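Colleague: Spelled out from the first residue to the last, the chains are:
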Amino acid sequence: MSVSLLPIDHLSMPKAFQIHASYFNPYRTISRCRLKCSPVRCCDRRREGISVRTKKNYYELLGVSVDSSSQKIKEAYRNLLKKHHPDIAGHKGHEYTLLLNEAYNVLMAEDLRTKYDDSIGHMTVQFGTNNYVNVKGSSSWKGPLRPQALFVDENACIGCRECVHHASNTFILDKSTGCARVRTQYGDDEHKIEVSVESCPVNCIYWVDREELALLEFLTQPQPKQGYGVYGQGWEKPANVFMAAKTLSKQLRQQAENNHNSVRTAVEEETPAQAEARANASLKIKMESFSKIWDSLNEIFG
Amino acid sequence: MIVYLFRVFDKQQLPYFFVKIQEWMNHNTLWLLIVKPLGRRKSSSAFAEIAIGIDIGTSQCSIAVWNGSQVELLKNTRNQKLMRSYVTFKDEVPSGGVSNQISHECEIFSGVAIFNMKRLIGRVDTDPVVHASKKLPFLVQTLDIGVRPFIAALVNNAWRSTTPEEVLAIFLVELRVMAELQLKKPIRNVVLTIPVSFSRFQLTRIERACAMAGLHILRLMPEPTAVALLYAQQQQQTVHENMGSGSEKNALIFNMGAGYCDVAVTATAGGVSQIKALAGAAIGGEDILQNMMQYLLPNSEGLFLNHRINEIKLLGLLRVATEDAIHRLSSQSSVQVDVDLGNGFKIYKVVTREEFEQVNLEVFEKCESLVTQCLRDSKVDIEDLTDVILVGGCSYIPKIRNVVMAVCKREELYKEINPLEAAVCGAALEGAVASGITDPFGSLDLLTIQVTPLGIGIRADGNSFVPIIPRNTTIPSRKELLFTTTHDNQTQALILVYEGEGTKVEENHLLGYFKIVGIPAAPKGIPEINVCMDIDASNVLRVFAGVVMPGTDQPPFMEVRMPTIDDGHGWCVEALNRTYGSTLDLVTVQKKM
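Each protein sequence line maps, in turn, to chains X and U.
Add 2 to the 1-based position in the first sequence for my numbering, that's all there is to it.
Add 5 to the 1-based position in the second sequence for my numbering, that's all there is to it.
Keep in mind the hints are simulated off the structure, nothing from the lab.
Owing to the predicted nature of the structure, the values given are computational and were not obtained by experimental measurement.
Don't be surprised by glycine CBs; every beta carbon is placed ideally from N, CA and C.
Possibly wrong hints are sitting among the right ones.
As the list claims (entries may be wrong) - Below, a sample of chain U positions facing chain X; criterion: calculated Cβ distance under 10 Å: (1) M217; (2) A274; (3) T453; (4) S469.
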């Protein structure tokens, strides 16, 4: 269960998965502690397999946005394989390639992808961490993820089209709201984006942290309003989206803390087998740091 | 914490080190071992050991290597790039087609030489392909009991028994010696091309032959995927030259040699060749040849099977004449066969191309169905195919070209590839890539993403074959399935691993079996047995089986590398069935949605 505690960050994704993977990698454990090899692993592996499965996001794994075309996914998949395929990366690429293959298979099959999108849609409600991205109207990323992202405060936007004029690959005018919004982050070169930000007459284009972006874009979308009988129903969106984001993220943090606590109690009840698996994994991480030392030693002594 | 650091300079010392370490383990509380074999470091340096590519064809072999800037085919002392695959047992020392100087073509067919080993390797004597091989001019005897056939060459009027593995190993040694002389360095790693339809058991036979020849197999590549890699490289180079967009290209590759017919569909972009589907069967030029021999000399069945010395000679002559006629029919619309076989057998016949196509109708129909099947499996529309590539000796036959072009609705075939050298070139490229060689001009910026040609699963639900990894799954792959017991308090279960496409186990190849013991006693259907299969990039299959049951401290778990059986026949399964009946059976657990 400890797996689900690992922080999942966009950028460190592949690394995080490799750590996950080491939990249910049967070879490594066997080759390393052949003598102490515990027969519990299979059952263990499965449990962890499930927790990893519900936690990992195929889109993040492939580094594509949720609305990517299958062509994009294909490209991303092949580019990643060119780095991690065992033919190129050696046997250490095996586990990661397995994950990539699985992600690719799901996302390339239309029915499986729909099903998968539904399942991570549920996750949005449940965990609400990084998964606002599949909200309709959110922006996609061109190129690598960067720490800063563009966000248009639609409440302030007057629909002047200045920004669309200067950086047409980044901004579009949403016809339903009459306001501009970001379609593709970094869709144009930096100069054009800078000009368009400057050109906004009401200064409603903001640079925000990437982590906040999903939340902000989520809140910009009108949400169904809780009604009382026939009164007060309809759609609403917060008047100040930044304040709302702050409040919501605070709530989420609390929720996460609660989850965290409940998971921690679960961890305390872990079986000896799980404890061993965990020890193995931490040993593995230590081993990695040792191999770094080894490499540098080798470089020195040739 | 105490850390021991070893630098193992010689790989041969490794086993010794492990023994030492095991001794120490008993004395030290915590130890950590970092072993980094020197060989691995070497492969990243400039002096890396490059794996060579070998294409062992049913009739011809070739060997190629990445020479630093391109793929180079190695030639033997007679300046041949393509060497005939045969081994003669004429003298004390057997010699193969690499170095051997044959005085006359017919000598190969006089009984002293064994050839077509690729058609015979890893097959039992109930196999129809083995039965078809009984017409070859050396001894192939079958007793139809499901063991390996008796194969022998005629040496001094006595039959000298041999095996396809031995013949292949002798041949591979000659290839290795030839390459080592030319490259002036020892050769160990190879990439071999194999037919798509080879079972895993046949692959182990190939591995065995390589081990006998002192070669280590880095990759086994289905032949059309090797061609696909070469195609990927060519496409990438044209992109570089034209600075155009590297758009995705789909290609169908049809490879038909003397022994096997293989089809692959590949999607290529940016030097990555992603195999979409594979299909293959053991049909080839040999079948065409035998059909024609039968046609030219009807009622000769008995003659073929007696294997008396005169008749072997006669057969040899007929073979040479027929082969020649088939070759000429590729460019002429009719040929005249005029040959005196001796013993009162004379053939004088004019054969037209129509007759030839009629005689081999079944072969061509099979080719067509393979192409159709592969296209269907790949889910690539015919309109989306950029190129159709034909390689292999049989690709010169006009009918074959027409059949493939008709199925793919094409007027033209891809021309930039040498049909006889494409597979070995692809294998050499893969050898360089998998050895970690990089090229400053990006010529080795390649990757091939393989799929499994055959499904793998276990026996469950009675006599059914339950696939766990289906056909055309991208490898590396890992899949698992849950099974449960069929009897109350069943504490043991037998895992029988099969490979193939049939729904019943008898229709598939047995790969191996093992037993899970110590299942906690429970009513039937309660214990869950997880069977997981893992295929890595070098196509090694591992099967994991473990009991998943909450509340048990040490449930049984096993990891087995397949195949485990060493004889290729299913006798043992019959014995198991006799002894245990269905007491150790498993059934699949329906997935809870």
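Colleague: Under the constraints set out in the numbered hints, which ones does this structure not fulfil?
Modeller: 1 and 4
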